[in-house]
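A.B. asks: Each chain, letter by letter, is given below.
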Amino acid sequence: MPYRRLEHTSDVRLRVTGATRAALFRDALRGVAAAMRPRGRGAAVTRRVRLEAADGTALLVDFLSEALALMQARRESYREARFTRLSERRLEATLRGTAVEGFGEDIKAVTYHEARVAGGAAGGWATNLVLDL
Amino acid sequence: MNEPRWPLRALTPTLWEIAPSARAGMRVPARVFATAALLEEIERDRSLEQLVNVATLPGIVGWALAMPDAHEGYGFPVGGVAAFDTAEGVISPGGIGYDINCGVRLLRSRLSRAEVAAAAHDLGRTLFAAVPSGVGRSGRLRLAPAELDAVLAGGARRMREMGYASEDDLAHTESAGRLEGADPARVSEHARARGEDQLGTMGAGNHFVEVGYVERVLDPAAAERMGLRAEQATVLIHTGSRGLGHQVATDFIRRMNQAMAGYGIELPDRELACAPFASTDGQAYFAAMAAAANFAWANRQMIAFEVREAFARVFAGRDAGLELIYDVAHNIAKVEEYSVGGERRRVVVHRKGATRAFPGDPVLIPGSMGTASYVLEGAPGALAASFGSSCHGAGRRMSRTRARREATVAGLRAELAAQGVTVNAGSRRGLTEEAPLAYKDVDAVVSVVQEAGLARAVARLRPLVVVKG
Chain C
1 MPYRRLEHTS
11 DVRLRVTGAT
21 RAALFRDALR
31 GVAAAMRPRG
41 RGAAVTRRVR
51 LEAADGTALL
61 VDFLSEALAL
71 MQARRESYRE
81 ARFTRLSERR
91 LEATLRGTAV
101 EGFGEDIKAV
111 TYHEARVAGG
121 AAGGWATNLV
131 LDL
Chain B
134 MNEPRWPLRA
144 LTPTLWEIAP
154 SARAGMRVPA
164 RVFATAALLE
174 EIERDRSLEQ
184 LVNVATLPGI
194 VGWALAMPDA
204 HEGYGFPVGG
214 VAAFDTAEGV
224 ISPGGIGYDI
234 NCGVRLLRSR
244 LSRAEVAAAA
254 HDLGRTLFAA
264 VPSGVGRSGR
274 LRLAPAELDA
284 VLAGGARRMR
294 EMGYASEDDL
304 AHTESAGRLE
314 GADPARVSEH
324 ARARGEDQLG
334 TMGAGNHFVE
344 VGYVERVLDP
354 AAAERMGLRA
364 EQATVLIHTG
374 SRGLGHQVAT
384 DFIRRMNQAM
394 AGYGIELPDR
404 ELACAPFAST
414 DGQAYFAAMA
424 AAANFAWANR
434 QMIAFEVREA
444 FARVFAGRDA
454 GLELIYDVAH
464 NIAKVEEYSV
474 GGERRRVVVH
484 RKGATRAFPG
494 DPVLIPGSMG
504 TASYVLEGAP
514 GALAASFGSS
524 CHGAGRRMSR
534 TRARREATVA
544 GLRAELAAQG
554 VTVNAGSRRG
564 LTEEAPLAYK
574 DVDAVVSVVQ
584 EAGLARAVAR
594 LRPLVVVKG
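Listed in order, the protein sequences are those of chains C and B.
Under the working numbering, the first residue of the first sequence carries the number 1, and numbering increases by one thereafter.
Under the working numbering, the first residue of the second sequence carries the number 134, and numbering increases by one thereafter.
Calculated directly from the structure, the hints in this document are not laboratory data.
Just so you know, not all the hints are guaranteed correct.
If you want the footprint, here are the derived chain B segments under chain C, 3+ residues with CB under 8 Å [claimed, not checked]:
{"id": "1", "region": "268-274"}
{"id": "2", "region": "332-338"}
{"id": "3", "region": "370-381"}
{"id": "4", "region": "387-398"}
{"id": "5", "region": "527-535"}
Taking beta-carbon pairs under 7 Å as the criterion, some of the chain B residues facing chain C (in silico) [to be verified]:
{"id": "6", "residue": "R142"}
{"id": "7", "residue": "Y207"}
{"id": "8", "residue": "Y231"}
{"id": "9", "residue": "H323"}
{"id": "10", "residue": "A326"}
{"id": "11", "residue": "R327"}
{"id": "12", "residue": "E404"}
Even for Gly, the Cβ is constructed at its ideal location relative to N, Cα and C.
Only chain C is shown next, with the shape it has when bound in the complex (with noise of 0.2 Å):
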C-alpha cells in the first residue's frame, strides 16, 4: 500500500512510500485527498502547479499545501499527479480529479511535522505525513 494511517493524539499521520520521487509525491497527494474524504463526484478537473523550495522535504509539503488549498477553495478532489518537471527543488505537474460537494474532513494544513523525504537508493522513498485537523 503506498500510504497508510498511523496513530496520532489529534490529527492524522500518514506514512507515505514509493518507488520513486514522484510516486512518493502522487501516492501522498492520495493521501491527503483520501484523508479529506470528499463526498460526491462531479465533472473531470485539472489543474497546474509550479513550484520552487529549499529541498525536497519542502518540496513536497508545498506541494500538497497547494493541492489541498486548491481542493478546499474549489471544491475539487484529485487523484492523480503528472509530473512534467521533478527534481530535488522544483515541480510542474498537472492534477487530475473531480469537482465534488464538500468534505467530509476539515483538514486545515498539511504541515513539516515529522516530513523527512529520503530516499534515492534501492529502497525506495519514504516520508510521514502529519496534516493538522
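Position chain B relative to chain C; hints supplied.
C.D. replies: Structure of chain B alone, referenced to chain C:
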C-alpha cells in the same frame, strides 16, 4: 509512548521549571503550570521538547510557558505561551497555530435550564440548520473581494456596520473584535478563496455551538458582574478563522522557512519558522494574522447573529436576551507590555492554545460535549507569571482513531441523553472522535490555573444542546 524526561524542578506544587542549562541554545527557562499528575500526562508526548525548542528562539523574554492542558503541537506545543521583544525578537506563525484566532464566545440568556431543556430537540435542529458546520456548507454571506477586504480590516466592527452586531457586542469582545494593523493585501488569493463563503460557519473537529446552563456559581460577586446566575441558560460558540486563517498560516510558515537563512536563523524544527518581528517578513505576517483574526471575530459575531435568530424562532414571542458576556481568542499574537526582571518590556505575546487572562476579564474554557465548561476571571498573578495568559480547554489525551474504537454513536448518544444532553452532529465519525473520553479532565486543568493565581473560577457550565460539524 513516554518521551525522555527533562530535568524538571518544582517551584511550587503547580509550577515546574527546566533550567536553560538543560540544553544548549536555551535563552530562558521553560516553565510548566501543572500538578504532578498532569505533568505526567504532558510528558507522554513531545510537548516539553517543543517547549525547550521555543526557549531557544531569538529575542524570547522571561520564560517559554506551557499551560496545564498542553499537548504536542507543531513547532510550539498547544497550550504554549511565549513573549518576544518587539525590537530584537521574532514572530513565529507556528506560535499562533493554523487556526488563527480560534476562540470562544459566551452569551447569557434570560431563559432557564428547564425552558431550554423542554425545547432541546427543536432548538438543536434549528441551530444545526442555522449555523453551517462541517466542510463545504457555506454561510449566508458570500463576500465579494471588496466586502471581504472590509471584514479583514474591520472584524466584528464591520459586522456592526452590516447590521449583524450591536455596540454592546463589540464592547464585550477582546480588542473590540478588531486588531489594528490588519492588512487585507497580505492575505493571499488562496486564503481569500478558502474563506470567501465561510463567514458565519463553524467548521468541524472540536468546534461547536453549545447551549448550556450555569450548573454552579463559584464566585458570586464575579458571576453577578458577568450577569450569570445558577440554572441560567447560556450559549458557547467555539470556532476560528476557518480556511482563510489556515491558509495564512501555511503561506507564512512557507515564506519564513525560505527567508530564515537570510536572517541567520537556524532552527531544530521547520514548524518553528520565524522572522524578526521588526523585519518586512515579520510585519507582513503580523498584518496578515491580524486580518485573519479579524475574520475570526467577524465569524463568531455572524454565528451569534444566526444563534439569536434561531432562538427567536424557537422561543417565538419571548426575548431570550442572548447578551454577550465575552469573546476571547486562544490562538493569537498581540503586542503588550510587561515587567520582566524589573524592566518594562514591549513584547509580542504568542498564545497558542492559551487564553488571555487580564485581571477582571472573563476567561472562557470550553469542555467537550458531555463535560463541563468554565467561566474564569483573569487574576493579577497572570500578569506576573504568564504574560496575562491562562489555559484554553481540557486538551486531547486520546487519538481520534482510538476514540472511534472506544466510543460508539449509539452508546455516546445514550450516555449523553442520560446526562440530559442533546447532540446534533453533521457526521457520526466526528461525533465519536470528539467523545468526552478523548479529553483530559477539565476540572483538574482549571484547578491548576486557579492555584497558580492566573485566574479564578467564576462558574461551571454544563451542556444541554450541542451542535457540531
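A.B. asks: Does each hint fit the structure? Answer for all of them.
C.D. replies: Now for the hints, and whether the structure bears them out:
1. Coverage of the region 268-274 of chain B by chain C holds in this model, with 3 residues showing a Cβ closer than 8 Å to a Cβ of that chain against a need of three.
2. As drawn, the region 332-338 of chain B meets chain C at 3 residues by the rule of a beta-carbon pair under 8 Å; at three or more, the given contact holds.
3. Figure legend: the region 370-381 of chain B, annotated as covered by chain C; annotation consistent (3 residues with Cβ-Cβ distances under 8 Å, at least 3 required).
4. With a threshold of 8 Å between beta carbons, the proposed coverage of the region 387-398 of chain B by chain C holds, since 3 of its residues qualify and at least three are required.
5. Chain C is given as covering the region 527-535 of chain B, and this holds because 7 residues of the stretch bring a CB closer than 8 Å to a CB of that chain, at least three being needed.
6. Checking R142/B against chain C: minimum C-beta separation of about 27 Å lies over 7 Å; hint violated.
7. For Y207/B, the interface hint holds, the least distance from its beta-carbon to any beta-carbon of chain C being 5 Å, beneath 7 Å.
8. About 4 Å separates the beta-carbon of Y231/B from the nearest beta-carbon of chain C, less than 7 Å, and the hint is met.
9. At its closest, the beta carbon of H323/B sits 4 Å from a beta carbon of chain C; the interface hint therefore holds under the 7 Å criterion.
10. Annotation: interface hint on A326/B holds; nearest CB of chain C at approximately 3 Å, less than 7 Å.
11. Interface restraint check: R327/B against chain C, minimum CB-CB distance 5 Å, threshold 7 Å, status holds.
12. The criterion of a C-beta within 7 Å of any C-beta in chain C is met by E404/B, whose closest approach is roughly 5 Å, and the hint holds.
In summary, the one numbered hint that this structure violates is 6.
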